[in-house]
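These protein sequences, in sequence, are chains A and B. Going by the working numbering, the first residue of the first sequence is number 1, and it counts up by one from there. Going by the working numbering, the first residue of the second sequence is number 1001, and it counts up by one from there.
Calculated from the structure, these hints are not laboratory results. Hints may be right or wrong, so weigh each one.
Here are the simulated SDA-like cross-link-like pairs (lysine to any residue), alpha carbons at most 20 Å apart as the crow flies [said to hold, decoys possible]: (1) A:LYS878 - B:LEU1077; (2) A:LYS873 - B:GLU1079; (3) A:LYS878 - B:THR1142; (4) A:LYS878 - B:ARG1118; (5) A:LYS873 - B:GLY1076; (6) A:LYS744 - A:ARG548; (7) A:LYS620 - B:HIS1080; (8) A:LYS878 - B:HIS1023; (9) A:LYS878 - B:LEU1188; (10) A:LYS483 - B:HIS1023; (11) A:LYS878 - B:GLU1151; (12) A:LYS878 - B:SER1078; (13) B:LYS1129 - B:ARG1118; (14) A:LYS611 - A:LEU571; (15) B:LYS1117 - A:GLY494; (16) A:LYS611 - A:LYS630; (17) A:LYS332 - A:ARG7; (18) B:LYS1117 - A:ARG548; (19) A:LYS878 - B:GLY1106; (20) A:LYS744 - B:THR1142; (21) A:LYS744 - A:ASP541; (22) A:LYS658 - A:SER707; (23) A:LYS714 - A:ARG548; (24) B:LYS1117 - A:VAL497; (25) A:LYS728 - A:ASP718; (26) B:LYS1117 - A:HIS654; (27) A:LYS714 - A:VAL802; (28) A:LYS878 - B:ASP1141; (29) A:LYS728 - A:SER746; (30) A:LYS878 - B:GLN1032; (31) A:LYS873 - B:GLY1106; (32) A:LYS878 - B:ARG1022; (33) A:LYS873 - B:ASP1063; (34) A:LYS878 - B:ALA1128; (35) A:LYS483 - B:ARG1022; (36) A:LYS620 - A:PHE489; (37) A:LYS483 - B:GLY1076; (38) B:LYS1117 - A:LYS873; (39) B:LYS1117 - A:PHE489.
Chain by chain, the residues run as shown.
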Amino acid sequence: MNSVLNRASRNFLWRHPWQLALAIVGIALGVAVVISIDLAMESSLNAFNQAGKAFSGVATHRIIAGDGGLDEKLYRRLRVDEGIQKLSPVVNAYVFMSKQADAGFNLIGIDPFVEKSFQSIWQIRKNKNTSVELLTRLITEPNTALISEQTASRLGLNIEDDLTIDTDHGERRLKIIGLLSPNNAVSEQVLSRLIITDIATAQEVLEMFGRLSSIEVLIDKNQPDAAPAPAYTPSLEISAPAPGRSAAYTPSLEIIRKALPGNALLVEAESQSQAMREMTRAFSINLKALGLLSLLVGMFLIYNTMTFLVMQRRRLIGSLRSIGVTRRQIFKLIIGEALLLAAIGTLIGIVLGIALGQGLLYLISGTINAIYFHIDAASLMITPLQLGKGALLGISATLLAVLPPAFEATRISPVTVLVRSQLESGIRRLIKAANLISGVFILGGMALALLSGKSIVLGLASIFLLLFGFAMMTPAMTLMFMKLIERVFGRLSGILVRLPARMVSAEISRTGIAIAALMIAVSATIGMDLMIGSFRQTVADWVQTSLRADLYVSLPGEKMPDARAEQDQRLKAKLTELRDVKMLSSVLHTNTAIVKEGVSAGAAAENDFTKVAVFELNEKSRPGFIFKHKTDNKLWDRFEQQQTVIVTEPYAYHHGVKIGDKIRLQTDHGSEPFEIIGIYADYSGDQGHLAMSRRNYRHYWPDLGYSGIGVYAKDGVDLQQLENQINKLLTGQQSVKSDQAIYKASMEVFEQTFTITETLRWLSAAIAFVGVFSALMALQFERTRQLGILRAIGITSGQLAVLITGETALMGLVAGLIAVPVGYVVAYMLIFVIYQRSFGWTMAFHFNPGVIYQGLALALIAATLAGILPALKMAQTKPAEALRSE
Amino acid sequence: MSTKAAITIHQLSKSYQESGQRHEIFKDLNLQVSVGEFIVLLGRSGSGKSTFLNLVSGIDQPDSGEIIINGIQLTGLSEHDRTLFRRHHIGFVFQAYNLISTLTVGENLLLPLELIKRTSRQERDTVAKLLDQLNLADRFDTYPDRLSGGEQQRVAIARALIHDPDVILADEPTGNLDLDTGQQVLALFDTLVKNAGKTLIMVTHSPEVLGKADRVFSIRNKSLAIARNGVLPGTGAAVEG
Chain A
1 MNSVLNRASR NFLWRHPWQL ALAIVGIALG VAVVISIDLA MESSLNAFNQ
51 AGKAFSGVAT HRIIAGDGGL DEKLYRRLRV DEGIQKLSPV VNAYVFMSKQ
101 ADAGFNLIGI DPFVEKSFQS IWQIRKNKNT SVELLTRLIT EPNTALISEQ
151 TASRLGLNIE DDLTIDTDHG ERRLKIIGLL SPNNAVSEQV LSRLIITDIA
201 TAQEVLEMFG RLSSIEVLID KNQPDAAPAP AYTPSLEISA PAPGRSAAYT
251 PSLEIIRKAL PGNALLVEAE SQSQAMREMT RAFSINLKAL GLLSLLVGMF
301 LIYNTMTFLV MQRRRLIGSL RSIGVTRRQI FKLIIGEALL LAAIGTLIGI
351 VLGIALGQGL LYLISGTINA IYFHIDAASL MITPLQLGKG ALLGISATLL
401 AVLPPAFEAT RISPVTVLVR SQLESGIRRL IKAANLISGV FILGGMALAL
451 LSGKSIVLGL ASIFLLLFGF AMMTPAMTLM FMKLIERVFG RLSGILVRLP
501 ARMVSAEISR TGIAIAALMI AVSATIGMDL MIGSFRQTVA DWVQTSLRAD
551 LYVSLPGEKM PDARAEQDQR LKAKLTELRD VKMLSSVLHT NTAIVKEGVS
601 AGAAAENDFT KVAVFELNEK SRPGFIFKHK TDNKLWDRFE QQQTVIVTEP
651 YAYHHGVKIG DKIRLQTDHG SEPFEIIGIY ADYSGDQGHL AMSRRNYRHY
701 WPDLGYSGIG VYAKDGVDLQ QLENQINKLL TGQQSVKSDQ AIYKASMEVF
751 EQTFTITETL RWLSAAIAFV GVFSALMALQ FERTRQLGIL RAIGITSGQL
801 AVLITGETAL MGLVAGLIAV PVGYVVAYML IFVIYQRSFG WTMAFHFNPG
851 VIYQGLALAL IAATLAGILP ALKMAQTKPA EALRSE
Chain B
1001 MSTKAAITIH QLSKSYQESG QRHEIFKDLN LQVSVGEFIV LLGRSGSGKS
1051 TFLNLVSGID QPDSGEIIIN GIQLTGLSEH DRTLFRRHHI GFVFQAYNLI
1101 STLTVGENLL LPLELIKRTS RQERDTVAKL LDQLNLADRF DTYPDRLSGG
1151 EQQRVAIARA LIHDPDVILA DEPTGNLDLD TGQQVLALFD TLVKNAGKTL
1201 IMVTHSPEVL GKADRVFSIR NKSLAIARNG VLPGTGAAVE G
């Protein structure tokens, strides 16, 4: 029985290949978007972790420092004086291939004969090129490097060739003395972006003389302090253990901590990767929400298709019920079909998702690079877990979407086959219920937004509730709108003009869902457009207000408390002496350790670095700060004279601090409290930072030079000439730019960070388009006979095409009209709930009427386009065939 | 009834392709119908009665042969022109009523008028009058699926007649009706043909109808066979084949 029953279902599906294909496309697209975001996001973060593993290997801890890095004497002290063997010094920085600006490499300086148990990626490569001689050459010959075989082949380099790189201090040449062979895909990917040198070469090339970027530490957590540990086998050990200690000595964390200077922290290796995840968490959640939006639109599509497939078979199902097929069997039949469609759709979705993920990876890496930290646009890393998650989501979403039509199918009476009007009147009763539920959803969404504190996930959930609520209200609003259209045009025009509106209302069970799906996609588009527009305007205003100087000198590179700081000072002095310069301001971007409440200074991994902007301001640059509260003239006096800081809005939001609070910072003289006296707008990053006066900073920390110098020209000066003069004073990567050039560059970065959002939003619109297309195709197929009657009584194929296109255009119009206010609600929620919670930014709501027209046009064009093919297909159908169809 | 030929069918052939096989419905069928003549068509299920009506109305196209209505060769017209011809000259009553479910009864009747550009306020009165004749005066604003089968069939007949076509094609118009309603419908057709001089081809099995028809044909062996030759005064019009 079951097999025959299944055949009845299968045969029906085969006879409707269009609908079958579109249902599968709906599932596939939804799954593809979700999977691609997950894969691209995870791959981006993994690229960061894997790059770290290249030199940290299985290190448990890492000694890190703020700007200026670590004094290399610390390494010697820990290793020789404290006898800690499992240490690996690292010097690293990003460099670029000369004349290939996009080809970034992580240049890592390592000690080739370091403890082998770190299992760094460069250590676990194949053996053929790892001879002691090669490593010895790396140490003994200056400016020598190793790269992977793949990189060499990509760059067309051979052993003994020169590799020219751009560092912050200019062009440098390295000699390739050996090629590394990766032994698996992961190491191949990591090594493809690595240049390995010895410590001394890296220090020289990067001008980090006597400094280290970090020291990797391997501690056996299972061993008690100072207890004998199992002997390890040093690979190419060159230094002897400290006298009186065994090679198996396990260092105590306390010993290391006590030995650290004020600007250094001992952190768990994992905590850094977690910190990176935490930093990108909001970004990641927002992207995933966009993916879920696509899936939600996809679910509407699945629901729509499955409802069609059930409704079209009401005769078949009625007949089956009349010969004794139970409700349960019907339910299983529909669920079985859905599972099959879900399996096929999900499978295609996974394949599509992997392909799409590759494209998104580039965009996501770009955004992370622009906002958070440097990562390489690595290749996609696909894990079974991610694919499993996507598959589960696709199948669950399909089953969830198919439940209502499956229940509907079981209600089909075996005695009478429901006539259309009964179905529609049933649907109208459902619409009334849906209106009530939509009210609950909308109120629930608003309440959730108000009561969910700082939770981003709950904030997004509230948007989804609101969207769902408005979607459920859409059929009722459509009916009202169509009635209005009929009233307005009905008196003035004939039946043919009224017919499209009548067709939309008469089949509201089908048209309503398609309109709701389109409405969701368009409102999300309008909402995001308004949000991005508001954000763009806010950022543009902020950048323009902040840019007070005429010219800005950028001094990139690692900041060092040495000769380099003195160079910066000399440059500043030369700038002051220029005839056309009226005054200067300066900023130093650095990091300093923050001491958390109840945690002893420098003694715990929980403490972390915070970004600090050190300002030297003048009367012209001070108005460049937009404070989030009322200020008086005393603020700047206190900023300069007292132990105070001002903090950015994101910093205040994320750390929950307010004016009057004190922040303890680890200075070279111990931990010191700094009072917060102001909170100001800053959109340069979402983690936020502190700002203090240079006077304050210099009191507690060594001079690290400058990151930028603002140049204020005298009145009437030719700025281009001044720029040329300044350019002559600059070296290496230093540059001078006008305020307008900086404004332009800032806005370019802004646009770049939203490329991924734009892409995902278009993807969800594409899914909605498929949804509307699918619904319209199904709708036209279902009413083939009705359309055949129209043809039989004398309506031409052209008139029929116009009728159908008119109907779809009306559907688009109503979707667009509902989407406009809903889009405003979405924009409001994004600006005042999601973005504030995610990034700590507040921004003004900038109304842009263009967005409304664009949204309306998008809905109208999408629906009309989606209606063209069904219209043509129906117009081409011979009336005799149409009349024969059931 | 005029002796002028309203419909001339010459060497008409029609076949369908189904499951890879060719099914011939008609082969070299010939028929001449006079203006005002009432023809009844009999035949087993699947014999091609509905196909014949579809061909005469221009809804379907023959494989070969000619259909000439009021001097216009239908088979020579494009699909678009056949549609335009149909909207002016043909009234079709379908077996399953085939009313437009999204239009009210009144709108179902106004639509054929609108298609031939009769859109004045008077047309509404014409529709109301016809509905009154059919005892459907109070159903103007009712949607078809709220009507009984008999009422729907009467609306379908009214729609076929409202634009005053020359030829009325009716596919078992009383098949789904009870005896009384069926008789009402037949009386209506009878009046129309006799009083208004319309040409009527009806597919039916109703014995009541057979008695009223001028000629009765049966579809046999892919052609028309005369089942009862009516009195055709002064014409000699006869069935060929």
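Problem - Agreement of LYS878 (chain A) and ASP1141 (chain B) with the hint, judged by alpha carbon distance not exceeding 20 Å - result: violated, 31 Å
Exercise for the section: Could you grab the alpha-carbon distance between LYS744 (chain A) and ARG548 (chain A) and see if it respects the 20 Å cut-off? Expected result: holds, 15 Å
Practice task
Verify the proposed pairing of LYS1117 (chain B) with PHE489 (chain A), using a straight-line Cα cut of 20 Å.
Solution key: holds, 18 Å
Practice task
Decide if the proposed pair is consistent with the structure: LYS611 (chain A) and LYS630 (chain A), CA atoms, cutoff 20 Å inclusive.
Solution key: Distance ~25 Å between LYS611 (chain A) and LYS630 (chain A) Cα, so the pair is violated.
Practice task
For the pair supplied as a hint, LYS744 (chain A) and ASP541 (chain A), confirm whether the alpha-carbon distance does not exceed 20 Å.
Solution key: holds, 13 Å
Practice task
Measure nothing beyond the straight line between the CA atoms of LYS611 (chain A) and LEU571 (chain A); if it is 20 Å or shorter, mark the hint as holding.
Solution key: Not OK: LYS611 (chain A) and LEU571 (chain A) at ~24 Å, beyond 20 Å, violated.
Handout entry: Pair hint LYS714 (chain A) and VAL802 (chain A), alpha-carbon separation not exceeding 20 Å
Key = violated, 69 Å
Problem - Holds or violated: LYS714 (chain A) to ARG548 (chain A), with C-alpha atoms at most 20 Å apart - result: holds, 13 Å
Handout entry: Proposed proximity, SER707 (chain A) with LYS658 (chain A) (alpha carbon, max 20 Å)
Key = violated, 28 Å
Practice task
Take the C-alpha atoms of LYS728 (chain A) and SER746 (chain A), compute the straight-line distance between them, and say whether it is at most 20 Å.
Solution key: violated, 25 Å
Handout entry: Given pair status - ARG1022 (chain B), LYS878 (chain A), alpha carbons within 20 Å
Key = Holds - the C-alpha atoms of ARG1022 (chain B) and LYS878 (chain A) are around 19 Å apart, at most 20 Å.
Practice task
With a cut-off of 20 Å on the C-alpha distance, tell me whether LYS728 (chain A) and ASP718 (chain A) pass.
Solution key: holds, 16 Å
Hint compliance for this structure: hints 3, 4, 5, 7, 9, 10, 11, 14, 16, 18, 19, 20, 22, 26, 27, 28, 29, 30, 31, 33, 34, 35, 36, 37 and 38 are not met, and every other hint is.
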